[in-house]
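Colleague: So you can see what is in the structure, the chains are spelled out below.
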Amino acid sequence: MKYAGIDIGSRSIEIVVLRNGNIVHSAKTDTTFDLLAQCKLLMKGIEAAKIVATGYGRKLFTDESGINHVEAITEIQAYALGARRIYPDVRTVLDIGGQDTKVISLNSNGKVVKFEMNDRCAAGTGKFIEFMAAALQVPIESFGAFALKADKKIHINSMCTVFAESEATSLMARGEKPANIAIGLHQAIVDRTFSMLSRVDGKTPVLFAGGVAHNPCVKSLLEEKLRDTIIIPDNPDMVGALGAALYSAGR
Amino acid sequence: MSEDYKDMWKSLGLNLEAHDMLLKALGKGYQDIYMTQQNRPAGMGYFDFVMSEVHGLRIKELIDEKRAGRKVIGSFCVFVPEEIVLAADAVLVGLCTGADFAMEDVEKLLPRNTCSLIKSAFGFKLGKVCPYLESADMIVGENTCDGKKKSYETLNDLVSNLYVMDIPQMKSIKGRDLLKAEYMRFKNAVEELTGITINSARLKKGIEIVNNKRKAIHKLSILRKAEPVPLSGLDALLINQVFFYDEPIRFTESVNKVCDELEMRIRKEEGVLPKGASRILISGCPMALPNWKLPWLIETSGAVIVGEESCVGERGIKNLTDNSGNTVEELMEAIIDRYFKVNCAIFTPNQDRLKDIEEMVKTCQADGVIHYGLQFCQPYLMESISVEKALEAKNIPTLRIETDYSMEDVEQLRTRVEAFIELIK
Ligand code: SF4
Ligand code: SF4
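Line order of the protein sequences matches chains A and B. First residue of the first sequence: 0, per numbering that gives the first Met the number 0; consecutive thereafter. First residue of the second sequence: 0, per numbering that gives the first Met the number 0; consecutive thereafter.
Since the hints were made in silico from the structure, they are not lab data. A few of these clues could be false.
To be verified - With beta-carbon atoms standing in for the labels, derived distance ranges:
1) A:Asp150 <-> B:Lys424: 48 to 54 Å
2) B:Met263 <-> A:Ser9: 27 to 33 Å
3) B:Met263 <-> A:Val161: 46 to 52 Å
4) B:Met169 <-> A:Glu175: 48 to 54 Å
Think of the CB as a built atom: it goes at the ideal place given N, C-alpha and C, for glycine as much as any other residue.
Can you make the complete structure from the sequences, with help from the hints?
Modeller: As structure tokens, then:
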């Protein structure tokens, strides 16, 4: 019997299929403007006894995909389940995705006890980093490595995507080294994340998931601030889909 | 139907086109949110009717009363004592502040970071769409939060009949003295407006009518706590919202009828949701008509609301006014005592509100608390953090929501609400 989990985010969709508790298939695609068509594409050829959807598109998927045995759970629950499978002792899950950031605190039994999500603005999310990389004309994939070349950390005051961009531009106009500005921008997002972590009273070990977990600068600044190492799974983007698949299989 | 009221609306100076838009939106919202609910008690039919006629029949009644010489007084806060108003044969109506309207015009007068409630009051005035506001002979503002206090200075330029009442900020002896002085001044103002001298018999009668209204809600609040829950939180909220508009005696009868039905439902173990649904207590800013956003999100996510620590809810109706006094002075003291117990976040310190919340969690057997704070509402947002901390220290799961009247954050809120329900299961 196969069980599938699908994480339908605003930027990308991931799927994980389990058999006897083992991952037998996983795939990822962009969300594009036709979310349902993309889901169908990912689902092609997959015969699962049950599918569990999570992510912002979960409702649309359960209502309109035309598949019967679907259920929906929130990203919070999915990430908690997925993270615990990857690292059973995990106490805090941090996910920085394209449009939202969430922090989930688990008790020693793995139950979610508290969570925080960013409010409607994009400050502190992957979107912020994307904008800033574009402003400094650095490809997003190498933005973290670029920032790590800094010889000095510039303090960026604004967390608002629009204001931070103009702050960065005026620093450049004053001749500041782009890498130094870049690390300041990374620090801003890390500070913001850290305050969310403190609000849920986040304990270690911390598992870092979502697209931004690929960024080495965010990781190292966060570890500096936490004074501890953080765990980054091999596939940080797949944690939600994995959790949904685990839920589908009845854990 | 609306054809019949056009002349009436015109005579009140409403902007018919804008008003039509508002009614359409209201009707649609009601249809989508209320009429799609399952297993409603039949007695809610009365409230459906009231809602369908909220700008029609009820306004006609008010105008008829005005013709017969009664005065209409509008208020924005539960600190305006209805007992005194009724004692002078006047009618008290709560003014709607639960929807965005004419926002561009509002933002010319108020800073953007003003709470939705205040903006809404201005939007209804500037858009000329509220027949209650336009038929009021006196509009009472109160110095509660800074936002309201300062915005009344601006409102005063827009209306000719604003009366501002000062409200204490501390539950001290001095604070009570201030409330007393202000209620006495208000009594005089109402007497002057109506030409009626308030004597003890009149005051007693006013107290009795309002107490009966409160008693009916008290009964309703107890009944809806049963398991399975016999009345949705949305319907309970609606009843609490209509509390501010309807003719008080008829309202009381209608609530009591719903109560009778709920008793039967409880005997038959008939609920709006099956047994075991997560039970939520809402606490925080008042939800004025037609603000149903958060309750709708909660109750379409599989949980049910069992109480609301809010001015449109328990905080507003909690205590009765002692009716045993014989003189105007004694009865006025009883009124002051009753209102001085309202634990609004504009007071400092305000630990009694926390006690109220904790008590409600117990009596409602709530699985968790959702704290509702309007964006830019300093008093409640400030308290939300200490409330959350205190409740969590007692292992009561708490979710803090900060939002406004717009619908753009609905999906994000839904995720939070659903995750919270998963957490308390
Ligand atoms: S919350 Fe405070 S200011 Fe608002 S209606 Fe209630 S008592 Fe009045
Ligand atoms: S919601 Fe808060 S800010 Fe708005 S009027 Fe009420 S107390 Fe004042």
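Colleague: All the hints need checking, so say for each whether the structure fits it.
Modeller: Checked hints:
1. A:Asp150 <-> B:Lys424: 48 to 54 Å: Holds - the Cβ-Cβ distance for Asp150 (chain A) and Lys424 (chain B), about 52 Å, lies within 48 to 54 Å.
2. B:Met263 <-> A:Ser9: 27 to 33 Å: violated (48 Å)
3. B:Met263 <-> A:Val161: 46 to 52 Å: violated (58 Å)
4. B:Met169 <-> A:Glu175: 48 to 54 Å: holds (51 Å)
The structure is inconsistent with the numbered hints 2, 3, although it conforms to all the rest.
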